[in-house]
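Using the sequences plus the hints, can you model the full thing?
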Amino acid sequence: MKLLTGNDLASGDVTWWTGSGWSRHIEEAVDVGAEGEAIARAEEGARRVNVPYVIDATATADGPRPAHIKDRIRALGPTVRPDLTLKPADPQAGHWVI
Amino acid sequence: MYRYDQYDQAIVDARVDEFRDQVRRRLAGQLTEDQFKPLRLMNGLYLQLHAYMLRVAIPYGTLDSRQLRTLAGIAREFDRGYGHFTTRQNLQFNWIKLEDTPTILERLAKVEMHAIQTSGNCIRNISSDQFAGAAADEVTDPRPWAELLRQWSTFHPEFSYLPRKFKIAVIAANEDRAAMRLHDIGIQLVEQDGAVGARIYAGGGMGRTPMIAPLIRDFVPVDDLMSYLEAALRVYNRYGRRDNIYKARIKILVHEIGADEYRRQVEEEFVAVKQLGIDPPRAELERIQAMFAAPAFSADAPEAIDRSDPDFAVWLDQNVAAHKQPGHAIVTISLKSIGGIPGDASADQMDLVADLAERYSFDELRVTHAQNLVLPHVRKADLPAIWTRLREAGLAEANLDLVTDIIACPGLDYCSLANARSIPLAQKLAVRLAPRQHDLGELKVKISGCINACGHHHAGHIGILGVDKKGVENYQLSFGGSGAEDVSLGKITGPGFDEDGVVDAVDRATCTYVELRQAGERFLDTYRRVGMQPFKEAIYG
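Sequence order for the protein chains is X and P.
Counting from 1 along the first sequence, just add 60 to a position and that's the residue number in the working numbering.
Counting from 1 along the second sequence, just add 5 to a position and that's the residue number in the working numbering.
These are computed hints drawn from the structure, not numbers from a lab.
Please note that a few of the clues may not be correct.
[Unchecked claim] No more than 20 Å apart at the CA atoms, straight line, and that leaves these computed lysine to aspartate or glutamate pairs for EDC-like: (1) K433/P - E363/P; (2) K42/P - E103/X; (3) K475/P - D116/X; (4) K102/P - D91/X; (5) K130/X - D473/P; (6) K62/X - D91/X; (7) K130/X - E88/X; (8) K329/P - D473/P; (9) K102/P - D68/X; (10) K496/P - D512/P; (11) K475/P - D505/P; (12) K62/X - E95/X; (13) K102/P - E104/X; (14) K474/P - D116/X; (15) K42/P - D105/P; (16) K42/P - E104/X; (17) K433/P - D503/P; (18) K496/P - D530/P; (19) K42/P - D73/X; (20) K102/P - E38/P; (21) K130/X - E117/P; (22) K385/P - E363/P; (23) K115/P - D18/P; (24) K42/P - D143/X; (25) K433/P - D530/P; (26) K130/X - E504/P; (27) K541/P - E490/P; (28) K433/P - D143/X; (29) K252/P - E266/P.
As structure tokens, then:
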């Protein structure tokens with residue numbers, strides 16, 4: 061599957077395209093298929109996202125899993141600060157990316 | 006310490022106002038990201054893996070308590086309660102919002118700080134010896150010279166768009182604590198016939214193509230220094246390659262035309278530049294030097310230290326250095342707790358260190374390129390009290406220059422350029438080797454998460470470079486580097502390892518060192534004597 065990701069312009073937060081808007085949570089990301097570049101152009105033009113790009117991912121029972129470790133770390137947060145990840149309650153959060 | 010005059014304050018304040026307007030225009034859609042990116046980078050604002058990152062300049066690594074408390078306050082109010090001290094003696098905030106940045110810069114400007122010259126192809130923040138003004142072995146305090154260079158380089162119209170970034174270090178001792186010869190220009194202040202002048206090295210650097218800077222001029226008198234540096238930069242600006250980012254640093258130019266030809270061109274340019282009259286009057290250096298005058302040390306400060314607490318004695322032997330003033334000492338505060346994140350300090354820790362600096366170190370502190378902090382002027386009698394407070398805050402690790410005092414860049418946990426994580430590796434190595442660290446002695450491990458070498462891996466006695474091997478983190482190991490006065494570049498051991506594999510390999514290499522070392526030899530000395538082969542056999546079996 062293909063995901064569209066970028067950063068929120070004002071806050072810099074990592075965001076994921078949900079089909080109708082942007083979410084901080086990769087679980088809500090949808091497969092953009094071949095539409096990623098077009099959505100990116102429109103959304104960046106409207107300043108709803110900054111520096112968007114399309115990545116490869118696989119669908120899993122826990123939601124989309126980015127193919128590359130860099131995007132997995134982007135999705136979750138630094139592996140060395142589980143207290144700052146998006147899954148702070150999950151003690152295994154830091155291992156999810158590897 | 007240097008204090009801003011009206012001109013310094015005016016240009017920094019004006020820059021804050023200018024950036025506030027640029028941010029407003031970006032948020033309003035009047036600037037595209039392509040238009041805005043170079044503007045934000047000129048103000049130290051990067052877009053990293055998780056958020057915007059703000060890199061704050063700490064000129065020549067010198068701070069006072071008011072400045073560190075301001076950094077702590079920013080960490081608390083605008084970031085996530087911590088900051089990261091870097092190998093350029095700067096501080097990075099990892100979770101900054103674009104909309105907050107003008108306010109943060111305004112707070113910094115109120116305490117004579119900024120984020121200028123921390124990005125872009127300009128002369129970057131000048132780095133120096135963290136023991137400046139305190140070291141017993143220095144010819145003079147290098148910081149007034151570094152400040153003069155700061156004033157010369159800030160917004161220099163000719164050098165704001167160089168072929169590539171440009172890093173300068175200034176030291177004034179034979180012991181090199183600033184990796185001086187691994188800079189684009191390294192300056193060592195020396196004394197000749199009773200006068201202080203500058204020994205100039207040019208064309209050093211790490212990154213993709215590491216080079217040790219060759220000597221360009223043995224002695225530049227103080228009255229010629231700005232003209233000489235202007236000439237050195239002009240030759241680079243004219244001939245440095247702008248067509249290939251990987252060949253754009255001055256080290257490539259000096260290497261390709263040779264040090265002799267580069268020197269010839271600089272000398273020729275110097276004759277022309279000298280006529281321009283850009284060297285400041287001697288009185289300007291003296292004005293700046295007056296602001297770095299030695300504090301009012303107590304002449305009768307006692308030498309005796311109570312060593313009865315064994316933990317304190319270990320810290321004393323490892324983290325406290327000789328001071329030029331009797332009865333005083335230099336304290337290095339390790340930001341390398343075992344299993345912690347190298348260079349990270351919480352806002353509370355910053356506040357504590359600011360308190361200690363104010364109370365015990367004439368309100369001065371320093372940042373080291375090895376990502377530690379320094380209280381430069383401490384009475385020996387105050388050392389037990391300082392240690393007690395550091396220990397309560399988790400800052401009393403007695404590991405300066407030991408195998409657990411690891412330099413590590415933020416790596417793939419934070420950096421958008423990185424190929425592999427550096428911090429978890431540093432943590433695993435520290436935990437594994439901590440029980441043997443004092444037996445192993447001085448052993449500098451340096452880890453970079455990509456070829457840009459922010460973690461100085463080329464200069465590590467043991468260096469580790471993270472690479473991306475088909476989407477999987479892999480680590481190249483090298484031995485024999487040094488950023489000190491015995492400068493050398495590490496050599497790669499052979500095939501790379503996964504994370505656990507490289508920890509095992511380093512562990513085995515240290516065992517080989519213990520087997521082979523002769524009396525008084527550091528790891529680096531043994532490696533240089535016996536060569537790579539015994540280590541290679543140990544780690545590859």
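Structure-inconsistent hints, enumerated in ascending order: 1, 4, 8, 21, 24, 25, 27
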